[in-house]
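Position chain Y against the provided structure of chain F, taking the given hints into account.
Line by line, the protein sequences give chains F and Y.
If you use the working numbering, the first sequence closes out at 120, no skipped numbers anywhere.
If you use the working numbering, the second sequence closes out at 464, no skipped numbers anywhere.
Some hints could be false.
Sample of chain Y residues lacking proximity to chain F, with all beta carbon distances greater than 12 Å (derived) [said to hold, decoys possible]:
| # | residue |
| --- | --- |
| 1 | VAL352 |
| 2 | MET363 |
| 3 | GLU392 |
| 4 | PRO417 |
| 5 | SER419 |
For lysine-lysine, the following PhoX-like pairs were computed, each having C-alpha atoms within a straight-line distance of at most 25 Å [stated by the list, open to error]:
| # | chain 1 | residue 1 | chain 2 | residue 2 |
| --- | --- | --- | --- | --- |
| 6 | Y | LYS388 | F | LYS54 |
| 7 | F | LYS47 | Y | LYS388 |
| 8 | Y | LYS370 | F | LYS47 |
Away from chain Y, derived, C-beta distances all over 10 Å, residues of chain F [said to hold, decoys possible]:
| # | residue |
| --- | --- |
| 9 | PRO23 |
| 10 | LEU51 |
| 11 | ALA59 |
| 12 | PHE95 |
| 13 | GLU115 |
Hint data in this document are derived by calculation from the structure and do not stem from the laboratory.
All of these numbers come straight from a predicted model, not from anything done at the bench.
Cβ atoms here follow ideal geometry from the backbone N, Cα and C, with glycine treated the same way.
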Amino acid sequence: AQSVTQLDSHVSVSEGTPVLLRCNYSSSYSPSLFWYVQHPNKGLQLLLKYTSAATLVKGINGFEAEFKKSETSFHLTKPSAHMSDAAEYFCVVSDSYNQGGKLIFGQGTELSVKP
Amino acid sequence: DTEVTQTPKHLVMGMTNKKSLKCEQHMGHRAMYWYKQKAKKPPELMFVYSYEKLSINESVPSRFSPECPNSSLLNLHLHALQPEDSALYLCASSQDLSGPSSYEQYFGPGTRLTVT
Numbered sequence: 006a007q008s009v010t011q012l013d014s015h016v017s018v019s020e021g022t023p024v025l026l027r028c029n030y031s032s033s034y035s036p037s038l039f040w041y042v043q044h045p046n047k048g049l050q051l052l053l054k055y056t057s058a059a060t061l062v063k064g065i066n067g068f069e070a071e072f073k074k075s076e077t078s079f080h081l082t083k084p085s086a087h088m089s090d091a092a093e094y095f096c097v098v099s100d101s102y103n104q105g106g107k108l109i110f111g112q113g114t115e116l117s118v119k120p
Numbered sequence: 349d350t351e352v353t354q355t356p357k358h359l360v361m362g363m364t365n366k367k368s369l370k371c372e373q374h375m376g377h378r379a380m381y382w383y384k385q386k387a388k389k390p391p392e393l394m395f396v397y398s399y400e401k402l403s404i405n406e407s408v409p410s411r412f413s414p415e416c417p418n419s420s421l422l423n424l425h426l427h428a429l430q431p432e433d434s435a436l437y438l439c440a441s442s443q444d445l446s447g448p449s450s451y452e453q454y455f456g457p458g459t460r461l462t463v464t
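Only chain F is shown next, with the shape it has when bound in the complex (with noise of 0.2 Å):
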């Protein structure tokens, strides 16, 4: 069974310092894992994916992710952040041999960033 866990329900940030989001998560077969993003009162935004291409994923607004098999994580990091990158993230798994189109979701980061 696939699962996903993500390490902090919240994490506070000032403006203008890295951001680190981490998310493990656990797979049978090879697992596509997304980022997907949630600004309050708003939808989810994907972010980034991996589906076994390259291990470093870029995403939308200088956010990307590292897939690590051997550490079964996929942490999501930015190098400065923004207020605007204020929001809900959600760590999300699912592989090629589950129920076609079945996403499994993380609890949720909410990322705040002080001034």
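Coordinates of chain Y only, in the frame set by chain F:
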């Protein structure tokens, strides 16, 4: 156009009312989804349609009735809801249900539903 639209944005309804939520996409996607999201929680899958046919029903109570009139439209009909059904209802679409493209889902902004 990578947009999924949902109407209305907000809906307040009594427990005896009948209402409908609407979702539309013009990306040529053949899979569409309904999710329910409570505050501070991840979305929970409710229904999946593939090529206008119901593919997945996650044991959702019958007071929620989905409908897919065509490949661009998805409705969720609501009847006799309970206060605990108050939530953000999200619609999403993906290219299809086969392979990695199925997991890249595009979400609408949601309908904030309050049941009184």
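Okay, the hints, checked on the actual structure:
no.	hint	result
1	VAL352	violated (7 Å)
2	MET363	holds (24 Å)
3	GLU392	violated (8 Å)
4	PRO417	holds (20 Å)
5	SER419	holds (15 Å)
6	Y:LYS388 <-> F:LYS54	holds (23 Å)
7	F:LYS47 <-> Y:LYS388	holds (13 Å)
8	Y:LYS370 <-> F:LYS47	holds (16 Å)
9	PRO23	holds (25 Å)
10	LEU51	violated (6 Å)
11	ALA59	holds (14 Å)
12	PHE95	violated (6 Å)
13	GLU115	violated (8 Å)
Figure legend: structure checked against the earlier numbered hints; hints not met, in rising order: 1, 3, 10, 12, 13.
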